[in-house]
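A.B. asks: Please model the entire structure based on the sequences and the hints provided.
Same order as they appear, the protein sequences are chains G and S. According to the working numbering, the first sequence holds residues 1 to 596 in order. According to the working numbering, the second sequence holds residues 1 to 596 in order.
It is worth saying that the hints were derived from the structure and are not from the lab. Don't take each hint at face value.
Since the list gives no way to pick out one identical chain from another, each pair is judged satisfied if it fits inside one copy or across any two copies.
[Said to hold, decoys possible] The calculated DSS-like cross-link candidates involving lysine-lysine, where the alpha carbons are at most 25 angstroms apart (straight line), are:
(1) K325 - K82
(2) K382 - K82
(3) K455 - K325
(4) K331 - K319
(5) K455 - K331
(6) K325 - K176
(7) K145 - K82
(8) K377 - K61
(9) K509 - K331
(10) K509 - K325
(11) K455 - K382
(12) K176 - K331
(13) K176 - K319
Number of protein chains: 2
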Amino acid sequence: MTYTAPLADMRFALREVAGLHQVASLPGYEHATDDTIDAVLEEAAKLSGNGLAPLNREGDKVGAKLENGVVRTAPGFASIYKEFVDGGWNSLPFDPEFGGQGMPWLLAATVQEMWQAANMGFGLVLLLNQGAIDAIHHHGSAEQKATFLPRMISGEWTGTMNLTEPQAGSDLAQLKCRAVKTGDHYLITGQKIFITYGEHDMAENIVHLVLARTPDAPPGVRGISLFIVPKLLVGADGKPGRRNDLRCVSLEHKLGIHASPTCVMSFGDDGGAEGYLVGEQGRGLSYMFTMMNNARLSVGIQGLAIAERAYQQAAAFAKSRVQSKDDGSAKPEPVAIIHHADVRRMLMTMRAQIEAMRALGYYTAAGIDGALKHPDKEIARKTQDRVDLLIPIVKAWFTDLGNEIASIGVQVHGGMGFIEETGAAQHLRDARILPIYEGTNGIQARDLVGRKIAKDGGETMFALVSEMRALADEMKAAVGDDMAAIRTALAAGADALEQATMWVAEAAKAELVAALAGSTPFLRLAGTALGGWLLAKGALAAQAKLAGRDGDPRFLEAKIVTARFYVEVILPPALAQLGPLKAAGRTVFALEEAQF
Amino acid sequence: MTYTAPLADMRFALREVAGLHQVASLPGYEHATDDTIDAVLEEAAKLSGNGLAPLNREGDKVGAKLENGVVRTAPGFASIYKEFVDGGWNSLPFDPEFGGQGMPWLLAATVQEMWQAANMGFGLVLLLNQGAIDAIHHHGSAEQKATFLPRMISGEWTGTMNLTEPQAGSDLAQLKCRAVKTGDHYLITGQKIFITYGEHDMAENIVHLVLARTPDAPPGVRGISLFIVPKLLVGADGKPGRRNDLRCVSLEHKLGIHASPTCVMSFGDDGGAEGYLVGEQGRGLSYMFTMMNNARLSVGIQGLAIAERAYQQAAAFAKSRVQSKDDGSAKPEPVAIIHHADVRRMLMTMRAQIEAMRALGYYTAAGIDGALKHPDKEIARKTQDRVDLLIPIVKAWFTDLGNEIASIGVQVHGGMGFIEETGAAQHLRDARILPIYEGTNGIQARDLVGRKIAKDGGETMFALVSEMRALADEMKAAVGDDMAAIRTALAAGADALEQATMWVAEAAKAELVAALAGSTPFLRLAGTALGGWLLAKGALAAQAKLAGRDGDPRFLEAKIVTARFYVEVILPPALAQLGPLKAAGRTVFALEEAQF
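C.D. replies: Here you go:
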């Protein structure tokens, strides 16, 4: 149950697929030198493997506990969090003006994978803080930024997102929390649920970002405003002082991520919690969208991370568990189960999809950097469009795969996988939240089809299809069976993705409901095809490096094998979603509600 | 979180798909009249819905507990078990000579679905007892049968299967438990793990069936013998007396089925537990195979059952949870989420696969009856071959689907699905054992390809393919779009299944490892195609009944819609496993162990 950051594969994905060098050469990233990046990766690998990973099982077992209004995090969490703050880990991608290190989001995503793989229950506090920093950074006043950002970026204070209410989950238009202006601030009253790290004992202060309605606000989403509501009010000296009128009234009893306190928060039981309007009234929800790409990328990375963790554990078990003879040998002695074909198929299925996710996840993170920093405005805009298109795919496809792969991890363990002490089941329980939070995967599919494809009639996706085809053309020059098989599959993937996108773009105009009925199969097809494209890109790079004797040949050969397995075994059923995505609309509403 | 047995759909599957009338007309089943069967179904529906289902959540929460060597089952379990015994539920399919009711296995499977859907943690005691009864019935001496069967069939005593040891899971050849002859009995020593209901407080006595080795036995499977080892030794009066030298030393802490005690059993700590050889020495493992078909069918039925439970809960939630506007309407008001296309797609995905499983599960159970009772020996033999072929498909495909569907059930609930109080997560946790126990699903796929297909070169499967084609021909006369779409898909399914079987049969001879590498994708293809066939059969029957105004038209129309959804949305990706199942062998062993 250890975790070792897969540095070799991470570096490969960074350099050969995501274009780390291009990112590091963008203006503003001059300090992201090879040496610095390597040092960050090495140190993060140590902290994740030696510091965070060993706390994961105990964090699950003990969980966070609410005692007299105080949330006690699991053993070791507070002290490892202090290491994070002291080591400056929290500040990696943020604005140097407020104490950040201004490193590329691509690097931050890579390091994020390590934290989340090592300990997702812990890692959530980092994600929520990141989202809150983003929101204040983009929309807060100069004073708000000066007051809150340096402490949040250092991690001395942590942020939360207070969105959900019992009647307002996916549909935030229904929210009821109220904010009434009183002098220079607002008084916030109401209850919020599912507030991750809404209360804990690891930081000096907690900065809640709360969506609420002002009294005269119009109904629906345009009546929602965003407020900063600190747990401890910040004095003129910038230090936390008097306790604000808010508290955690209970913790949810959840399937997984037990170490992460999921709070029911009550604001204003004693008259109203002091809150400060962020930006303009009525724009709260649109401000939330600002941080959504980063947040959804991070959740996708969690899916990748938990899959990697499950894979490492399953591979180690499969090498050590001895059971039954080898079918490929005449010897009667039992062998390690990794020698059995179906176990090997399971491990390859985990591994190939993990590498595909890593490629697409890092590629998308690099796009965030490009959109932010590229000096050519037109390129930056197109890159932003591409990121916007990819984000729902990364969020939903990665998190579905995270669950599937964690479940395979249990299966590889056989009976031991069902026993909690083994730890394989924890990954499955932890992973199960990922397709739900930060917008359910159904909502991601809806965003992909109803917004992203509909917006430009599929143009951004067609540009990706062109790149897939360009790579397939480039691969014609590559020698060998493997490359031929990968190239053929890549071309098939491009064709299927193009046809699916054309259909969806048309349907989104003509019969939206039919497009939405096919949106989840479409997302699956798109994710799998795009993942295959980037694995093909990696395989071609690996072959070139092999030819140039540049790098570990065993590692590079494995990249090619894994890509071929992916395109031959994983890709075809996903491409066969082309029929279903078109057909679903015909029958999905053919029954009446009462027939269910 | 209630459960209502889906009687209408069960009756339809029994009568229109599985051929209940043909089964009931077999010699020996004369007493299985329509009235009797209906009465059994109605009463079982009441007991499962009103008695068992309400105990399910508490059973999960409290679980079974070991206190001073005694296992206390969850609240209400002992008293509901007494209702089972008093009501004669346990004895349904067993030999009247020993107090059974001699009803068809088809009926027993249907009722089993209800018990397992209502409360899987409870239902397991019934399954284990069934397996032990089967083993003693087939291989025990007249005296053993007289001593044990009547009490086990009534349920006053329950049976267990003591197979697994820490080093011997899937590979029973490695087991070490010892049995030494002393006078007229054997002394058993050793430790067994994962013993379901190995100790509990619901029955007067527990009859352990234990696999062990005699001192001079050859190594491997031919040295394994089967022993009856009762918890309380049975006196000359037939009553339980002195405590035998065996005990439960601990309970496993599991992901799910918390109500079912999973025991570590220790035999012979004080010198040896008294045991009685069943049949001949060295034939223990082959005796186990006798009961395997029934046991694996039952586990498959558990997969169906948990899927049905999850579906009912998800559908109820989707009808009551109001969130976001209806995309197909101009009204801005939020609606129940069942009106959203992706939620509807999820519900249809659950429902269609459940109906396909029910059809194939009952069809297989009817085959067990035909093989046992058909007066024409040749038909009986062919029916047995068919059952043997279908069993690994039923076990593995149903239990994989059980997990997938339980996970969709969580997803439909959104954030509430992740909260344990909702109950949706329990189904997912409970379902996760199903692909593991009673032979992992990898072992089922191996059995299907390496034994069942290899044995006759695919002949039994080709006979099924012929029946699929015959139905497709018959459907040519059926009117309407739906029937045309279903017929086309049915023909495609038959083609794909035939091609896949031909390839697998050939590969099993020529390169077994490649066949095994593709065995899991093959099983998925086969299960999905066969399920589609029986849904098509049901759709055709539904259309005929509609034409004849025979039955509830809404129900019958829904059968046709659901079949069409299945063949258009569920079937295509499964048929696209044809490529992967052939290709997997190329790459699965291309990496060395050290590269994982």
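A.B. asks: Work down the list of hints and note, for each, if the structure agrees.
C.D. replies: Evaluation of the provided hints:
Taking the shortest Cα distances, K325 and K82 never come within 25 angstroms of each other, neither inside one copy (50 angstroms) nor across copies (45 angstroms). Taking the shortest alpha-carbon separations for K382 and K82, neither the intra-copy value of 40 angstroms nor the inter-copy value of 70 angstroms comes in at or below 25 angstroms. Taking the closest pair of Cα atoms, K455 and K325 come within 25 angstroms of each other only across two copies (20 angstroms); inside a single copy the shortest separation is 57 angstroms, beyond that limit. In this homomeric assembly, K331 and K319 come within 25 angstroms of each other (Cα to Cα) only inside a single copy, at 18 angstroms, whereas the closest approach across copies is 59 angstroms.
With identical chains, the CA atoms of K455 and K331 are at most 25 angstroms apart between copies only, with a shortest distance of 23 angstroms across copies and 62 angstroms within one. Taking the shortest Cα distances, K325 and K176 sit within 25 angstroms of each other only across copies (17 angstroms), while inside one copy they are farther apart (63 angstroms). In this homomeric assembly, K145 and K82 come within 25 angstroms of each other (Cα to Cα) only inside a single copy, at 23 angstroms, whereas the closest approach across copies is 68 angstroms. Proximity of K377 and K61 under a CA criterion of 25 angstroms is satisfied in neither setting, with 50 angstroms inside one chain copy and 58 angstroms between copies.
Taking the shortest Cα distances, K509 and K331 sit within 25 angstroms of each other only across copies (19 angstroms), while inside one copy they are farther apart (63 angstroms). In this homomeric assembly, K509 and K325 come within 25 angstroms of each other (Cα to Cα) only across copies, at 18 angstroms, whereas the closest approach inside a single copy is 58 angstroms. When the C-alpha separation of K455 and K382 is checked against a cutoff of 25 angstroms, the pair qualifies only within one copy, where the shortest distance is 13 angstroms, while the shortest distance between copies is 59 angstroms. Taking the shortest Cα distances, K176 and K331 sit within 25 angstroms of each other only across copies (21 angstroms), while inside one copy they are farther apart (70 angstroms).
Proximity of K176 to K319 under the C-alpha cut-off of 25 angstroms is restricted to the inter-copy arrangement: shortest distance 23 angstroms between copies versus 54 angstroms within a copy.
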